[in-house]
Amino acid sequence: MGASLPPKEANLFKLIVKSYETKQYKKGLKAADAILKKFPDHGETLSMKGLTLNCMDRKSEAYELVRLGLKNDLKSHVCWHVYGLLYRSDREYREAIKCYRNALKIDPDNIEILRDLSLLQAQMRDLTGFVETRQQLLTLKPNHRMNWIGFTVAHHLNSNASKAVEILEAYEGTLEDDYPPDNERCEHGEMLLYKISLLEECGSLERALEELHKKGSKIVDKLAYKEQEVSLLVKLGRLEEAAELYRVLLAMNPDNYRYYEGLQKCVGLYSENGRYSADEIDKLDGLYKSLGQQYTWSSAVKRIPLDFLQGDKFYEAADNYIRPLLTKGVPSLFSDLSPLYDHAGKLHFAVMIQADILEKLILELEHSIRLTGRYPRRTDKEPPSTLMWTLFFLAQHYDRRRQYEIALTKIDEAIEHTPTVIDLYSVKSRILKHAGDLAAASALADEARCMDLADRYINSECVKRMLQADQVVLAEKTALLFTKDGDQHNNLHDMQCMWYELASGESYFRQGDLGRALKKFLAVEKHYADITEDQFDFHSYCLRKMTLRAYVAMLKFQDRLHSNAYFHKAAAGAIRCYIKLHDSPSKLATEEDDEMSKLLPSQKKKKRQKLKRAEARAKREAEVKNEESSASGVSKSGKRHVKPADPDPNGEKLLQVEDPLLEATKYLKLLQKNSSDSLETHLLSFEVNMRKQKILLALQAVKQLLRLDAENPDSHRCLIRFFHKVGSMTAPVMDTEKLIWRVLEAERPSISELHEKSLIEANKFFLEKHKDSLMHRAAVAEMQYVLEPNKKSDAIKLIEDSANNLVPVNGALGPVKGWKLKDCIAVHKLLETALTDHDAASRWKVRCVDYFPYSTYFEGKCSSAMPNSVYNQIGKNHENGSASLPGGGKIADSVASNGKLEAFKELTI
Amino acid sequence: MGAGREVSISLDGVRDKNVMQLKKLNTALFPVRYNDKYYADALASGDFTKLAYYSDICVGAIACRLEKKEGGAVRVYIMTLGVLAPYRGLGIGTRLLNHVLDLCSKQNISEVYLHVQTNNEDAINFYKKFGFGITDTIQNYYTNITPPHCYVLTKFIAQTKK
Chain A
1 MGASLPPKEA
11 NLFKLIVKSY
21 ETKQYKKGLK
31 AADAILKKFP
41 DHGETLSMKG
51 LTLNCMDRKS
61 EAYELVRLGL
71 KNDLKSHVCW
81 HVYGLLYRSD
91 REYREAIKCY
101 RNALKIDPDN
111 IEILRDLSLL
121 QAQMRDLTGF
131 VETRQQLLTL
141 KPNHRMNWIG
151 FTVAHHLNSN
161 ASKAVEILEA
171 YEGTLEDDYP
181 PDNERCEHGE
191 MLLYKISLLE
201 ECGSLERALE
211 ELHKKGSKIV
221 DKLAYKEQEV
231 SLLVKLGRLE
241 EAAELYRVLL
251 AMNPDNYRYY
261 EGLQKCVGLY
271 SENGRYSADE
281 IDKLDGLYKS
291 LGQQYTWSSA
301 VKRIPLDFLQ
311 GDKFYEAADN
321 YIRPLLTKGV
331 PSLFSDLSPL
341 YDHAGKLHFA
351 VMIQADILEK
361 LILELEHSIR
371 LTGRYPRRTD
381 KEPPSTLMWT
391 LFFLAQHYDR
401 RRQYEIALTK
411 IDEAIEHTPT
421 VIDLYSVKSR
431 ILKHAGDLAA
441 ASALADEARC
451 MDLADRYINS
461 ECVKRMLQAD
471 QVVLAEKTAL
481 LFTKDGDQHN
491 NLHDMQCMWY
501 ELASGESYFR
511 QGDLGRALKK
521 FLAVEKHYAD
531 ITEDQFDFHS
541 YCLRKMTLRA
551 YVAMLKFQDR
561 LHSNAYFHKA
571 AAGAIRCYIK
581 LHDSPSKLAT
591 EEDDEMSKLL
601 PSQKKKKRQK
611 LKRAEARAKR
621 EAEVKNEESS
631 ASGVSKSGKR
641 HVKPADPDPN
651 GEKLLQVEDP
661 LLEATKYLKL
671 LQKNSSDSLE
681 THLLSFEVNM
691 RKQKILLALQ
701 AVKQLLRLDA
711 ENPDSHRCLI
721 RFFHKVGSMT
731 APVMDTEKLI
741 WRVLEAERPS
751 ISELHEKSLI
761 EANKFFLEKH
771 KDSLMHRAAV
781 AEMQYVLEPN
791 KKSDAIKLIE
801 DSANNLVPVN
811 GALGPVKGWK
821 LKDCIAVHKL
831 LETALTDHDA
841 ASRWKVRCVD
851 YFPYSTYFEG
861 KCSSAMPNSV
871 YNQIGKNHEN
881 GSASLPGGGK
891 IADSVASNGK
901 LEAFKELTI
Chain B
1 MGAGREVSIS
11 LDGVRDKNVM
21 QLKKLNTALF
31 PVRYNDKYYA
41 DALASGDFTK
51 LAYYSDICVG
61 AIACRLEKKE
71 GGAVRVYIMT
81 LGVLAPYRGL
91 GIGTRLLNHV
101 LDLCSKQNIS
111 EVYLHVQTNN
121 EDAINFYKKF
131 GFGITDTIQN
141 YYTNITPPHC
151 YVLTKFIAQT
161 KK
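First to last, the protein sequences are chains A and B. Under this note's numbering, think of the first position of the first sequence as 1, with each following residue one higher. Under this note's numbering, think of the first position of the second sequence as 1, with each following residue one higher.
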């Protein structure tokens, strides 16, 4: 390094490097300038100066200098290394890898560069490259533990677990017998566990178990030891020993569901779908009874039997389980039991389903407590709160069964009984949301929030309700109450608060503010990029700390990161925005286009260039400004990094994309890669590709939809729309068109839904199959109108003839109608927009008002959409964005009447 | 579980973060809507205003105002004391009142007083048990409820010597 310089300057160069490593950038800069005074063209010095400036937030200068340095000294590995570091700091890993490779061509055995390269290869999952680099590092420095481990992990990631084991064993061969020293026992133990998990992974189960037993004394993590042992025993089919070991584990933690599940598997009493024969149920019952006697303090051992018991036995177990929890007052009891409500349909009709039994049971408890203050068949008096918790449970029960009126009666009674319990208001808010009154739900959630201003959870729940009711401004203010710097909106972004960004994006989307909606959706996408980025530091850290099992698990998690539900929602939201943008380009853009269209082509070109130049200039200026402000920020407040202001807070720039569908395709590809089993992915793919006239890709989407769920109304819609569109196209002229045509001709017979049927017949056939389902009828009607526009009245009649049948429920308090609010709203919108029949839509609304009295959409008589509603005042206040925030004495005067929100008589003392 | 099971009763202070609990209680308990000054006084009284929790549910409260008498001595005015109906008879009111009385003797405050509607015999008897006596009657004290008259109940606490 700096070899071409005279001694004095060479020393100065060493100083630059040292200053960079110790973050004394100013000192380094001075030294660099001193060299450059004498040797203005010295490449390595120029590069190092650039790298130093990069750390002082002077990016554009940095790139200039580093590139100049490299140009002046292409043969220097230092210059290439520095260039790589620069790219790495900007997360341009592919470019960085190229630079490192060039540096290594000049200096192949440079450990530092090799190590940096290996990190990048791990990050980019360049696994063959990673293996090579790690091998080289090990060859160069075989006495470093980290190099052995790195080489092992590289082979493991490259799907060669057995090779990885060999390397670890070779490494163990280099160790002394008395290894490890006391201060490295944990690391060594982790290494051993990692090795055993590798053996398990490549199927050498016997050897894994043998190794585990042999090295047992050197494994510090005793729990991991046992869990590994039991896993191996199960895989080896040594079930009796495994069962014994599971019992040992249960003694250590009798609330770990996985141990119970494992034990059940070992004794042959486990079924994936939770269905058991009567004989199995008896055996299971016996097993859990005996376990329950051993682990009296375990709640899992009491809860699990509720999942398999039936009939009277279920009743008895549920009764024993629920009573003490209602007495104690456990607000989460209903969520604990709510999986039981999904058990419906699993059983024969003759058997009462769990939910009905629960209803009967709780009503009995309620009745008895009301009458006597005691549970049935008990002599002890219950505390007064038991009645309130019972009502609380019942309210959630009826909410779950969509009997909202009863649910509200119960929760109101509970609030009347004890108006200070916050959970009551939260549940009432949730019931109202389900019943279709989002404004009232938001008001109730706000009331709950006001009761404990120090509780972030209640605050967040309230924010969510506000966003669902499209009160975005208010929601933002409320959310900011719990951020560090209350006024800085960015803080929510920095906290990666994705539920907020998604809900906010959805709300903006509903309100037609596509810019802000996109902004939020893309912010979530950015978080996922950041999470991917975050793994970088662990490539070196974990190898050093030997947390190898956790490290590999983390890498595997990262590999499927984008299949996470939040990412899916964000990407789908963004795609929807782009589709809408494509269908109705924003006013701004069209105006601009108008202006453009008046110009001659040559003028247009000039104007475009001018615009581009202006943009580039603005960008440069902004960058310089940011650098200045951050530079001054650094000098003033030391370490504090001042964030540049968001140049596009309202997402207006996002709306100015040239080709929205191209943007949509970017995110669509991610969905197709990571959520290929989601119907929504292919529905969106269909919409995008139909608009792009990509016939074959749209066909792909249709085929995927049919694969996933051919009976879904939306799948049916896409199928019919696709072939209808194809049928109406003109005969092919171009060769490519002819090719597409041939593919379609070949594919159509393979689609069973259309086999030897016309589209009209296929539509009718679909109706026959699903004639009792509202949503299917609506889809058929819509398609009928598409296929035969002259038969619109038939289509509308098809919808209007749908019957809202009662769903059979054994409950004591009356049956439930089958239709869901969400579906009825969709049908209303369909009548209004797709079938454009306002009268039919009105008739539909009148019909739905009866079914959904709390729905604001249908202006139900109990909803806050009515002028005399008790929630009305509040809803209006919220629209004005006047939050009832803490700090003042005006804490929500309107909500001072315990969940009823009615005007309260003014009284004073 | 069973008879004789101890349900814990605990007291907690009122702060701006949980003052809504007190408002909820008052709305349920009293036919009067209290103004901002009431809550400001309650918050200012510090330990003299307490919420009572019955197995972690807020079910009652005592709210006081500290008043300066001529000459600088402080007396305590109990603005409200109440427990939600289902939770009465469990000693919660007693616990709250005793807390305030204990605090008074600790801080050498010699006078505690309150107003009570003249027909509210239950309340009058309750306070008499703690050594309160009727010291005055104010005609037409209330404006919106009948009877509009009230008694002043006062307890004088013997000063403990330092």
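Hints may contain errors.
Short derived list, chain A residues pointing at chain B, Cβ under 7 angstroms [unchecked claim]:
id: 1; residue: V330
id: 2; residue: L333
id: 3; residue: D336
id: 4; residue: P384
id: 5; residue: S385
id: 6; residue: V421
id: 7; residue: C450
id: 8; residue: H582
id: 9; residue: P585
No farther apart than 16 angstroms at their CA atoms in a straight line, the calculated lysine to aspartate or glutamate pairs in the EDC-like style are these [what the hints assert, rightly or not]:
id: 10; chain 1: A; residue 1: K669; chain 2: A; residue 2: E461
id: 11; chain 1: B; residue 1: K17; chain 2: A; residue 2: D452
id: 12; chain 1: B; residue 1: K17; chain 2: A; residue 2: E187
id: 13; chain 1: A; residue 1: K545; chain 2: A; residue 2: E187
id: 14; chain 1: A; residue 1: K328; chain 2: B; residue 2: D12
In case anyone wonders, no lab produced these hints; they're calculated from the structure. For every residue, glycine included, the Cβ atom is placed at its ideal position computed from N, Cα and C.
Results of checking the hints against the structure:
Nearest Cβ of chain B to the Cβ of A:V330: about 11 angstroms, over the 7 angstroms cut. The hint is violated. For the restraint placing A:L333 at the interface with chain B, the shortest Cβ-Cβ distance is roughly 15 angstroms, beyond the 7 angstroms limit, so the hint is violated. Annotation: interface hint on A:D336 violated; nearest CB of chain B at approximately 18 angstroms, more than 7 angstroms. With a cut of 7 angstroms, the hint placing A:P384 at the interface with chain B holds, because the nearest CB-to-CB distance is about 4 angstroms.
The interface hint given for A:S385 holds, since its Cβ lies 6 angstroms from the closest Cβ of chain B, which is under the 7 angstroms cut-off. Nearest Cβ of chain B to the Cβ of A:V421: about 6 angstroms, under the 7 angstroms cut. The hint holds. Hint status for A:C450: holds, given a least beta-carbon distance of 5 angstroms to chain B, under 7 angstroms. Proximity of A:H582 to chain B is violated relative to the hint, the smallest CB-CB distance being about 48 angstroms (cut-off 7 angstroms).
Taking 7 angstroms as the C-beta contact cut-off toward chain B, the hint placing A:P585 at the interface is violated, the least distance being around 48 angstroms. With a CA separation close to 33 angstroms, the supplied pair A:K669 and A:E461 exceeds the 16 angstroms bound. With a C-alpha separation of about 6 angstroms, the suggested pairing of B:K17 with A:D452 holds against the 16 angstroms cut-off. Straight-line distance between C-alpha atoms of B:K17 and A:E187 comes to about 47 angstroms, which puts the hinted pair past the 16 angstroms bound.
Among the hinted pairs, A:K545 with A:E187 is consistent with the structure: their alpha-carbon atoms are about 7 angstroms apart, no more than 16 angstroms. Note on A:K328 and B:D12: the hinted pairing is violated, with a Cα-Cα distance of about 20 angstroms set against a maximum of 16 angstroms.
The structure does not agree with the numbered hints 1, 2, 3, 8, 9, 10, 12, 14 stated previously, though it agrees with the rest.
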